[in-house]
Amino acid sequence: MKRVIYLSCLLGACNTPAPDGSALTPTPKSARYDYQIIGGKPGAQVEQLQIDCINKQAVLSRQTPEKVAVYRHVAAVSAEQCLALAGLAAPLCRESGQQQTDVFDAAGYTLRCHGGNLPSVSFHWQGTLRSAPDGLRPWHDYTRGLIGSAFPGVNAYP
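Numbering (the numbering used here), first residue to last: 2 to 159.
Among these hints, one or two may not hold up.
Below 30 angstroms or equal to it, Euclidean Cα-Cα: the simulated DSSO-like pairs (lysine-lysine) are [to be verified]: (1) LYS68 x LYS57; (2) LYS68 x LYS42; (3) LYS57 x LYS30.
Each pair of labels, with its calculated beta carbon distance range [stated by the list, open to error]: (4) VAL155 x ALA85: 34 to 44 angstroms; (5) GLU81 x LYS42: 18 to 28 angstroms; (6) VAL69 x ASP135: 29 to 39 angstroms.
What the hints contain is simulated information worked out from the structure, not anything from laboratory work.
Quick caveat: nothing in here was measured; it's all calculated off a predicted structure.
Where a beta carbon is used, it is the ideal one built from N, C-alpha and C, also for glycine.
Take the sequences, apply the hints, and build the full model.
Dropping the structure here:
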């Protein structure tokens with residue numbers, strides 16, 4: 002069984018230490034987040050949530066492994082939601098460079114953060130949410146709630 006964590010930071014604010022050693026928080030107004038979930042079974046569909054805090058919109062889409070679109074929905078996001086997302090994304094992006102193995106056929110979670118002029122950051126976790134690094138479960142739960150309110154009645158990721 003394998004569990005693999007691929008972490009490479011694309012949002013410089015997430016992985017660049019501040020002079021006092023504390024983490025920098027990305028600027029919510031200029032941030033964009035791409036969150037993707039791929040089921041652990043062969044042929045599983047891909048769920049993607051793109052949140053653009055510059056244009057204040059969220060796009061929820063699903064596609065087959067062959068990249069055939071199943072649906073695509075667009076909704077507005079608020080400045081407060083972008084602020085919460087920035088705080089939740091920061092610890093994930095600081096997890097850069099870790100790897101573990103022992104989960105097979107588990108879902109894959111990928112978060113790509115983009116922050117204005119800063120370099121982008123990518124966080125990838127293959128495994129269960131229960132055993133995920135600190136930060137993934139709060140991010141996942143918050144975005145699940147965001148989807149529930151922004152896209153009522155849409156069959157969103159679990």
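Structure-based check of all given hints:
Of the pairs offered as hints, the one joining LYS68 and LYS57 holds, with about 26 angstroms between alpha carbons and a cut-off of 30 angstroms not exceeded. Under the criterion of a C-alpha separation no larger than 30 angstroms, the hint pairing LYS68 with LYS42 is consistent with the structure, at around 16 angstroms. Straight-line distance between C-alpha atoms of LYS57 and LYS30 comes to about 9 angstroms, which keeps the hinted pair within the 30 angstroms bound. Restraint check, VAL155 to ALA85: a C-beta distance of roughly 21 angstroms breaks the suggested window 34 to 44 angstroms.
Between GLU81 and LYS42 the beta carbon distance is about 37 angstroms. The supplied range of 18 to 28 angstroms is therefore violated. For VAL69 and ASP135, the hinted distance range of 29 to 39 angstroms is satisfied, since their beta carbons lie about 35 angstroms from each other.
The structure does not agree with the numbered hints 4, 5 stated previously, though it agrees with the rest.
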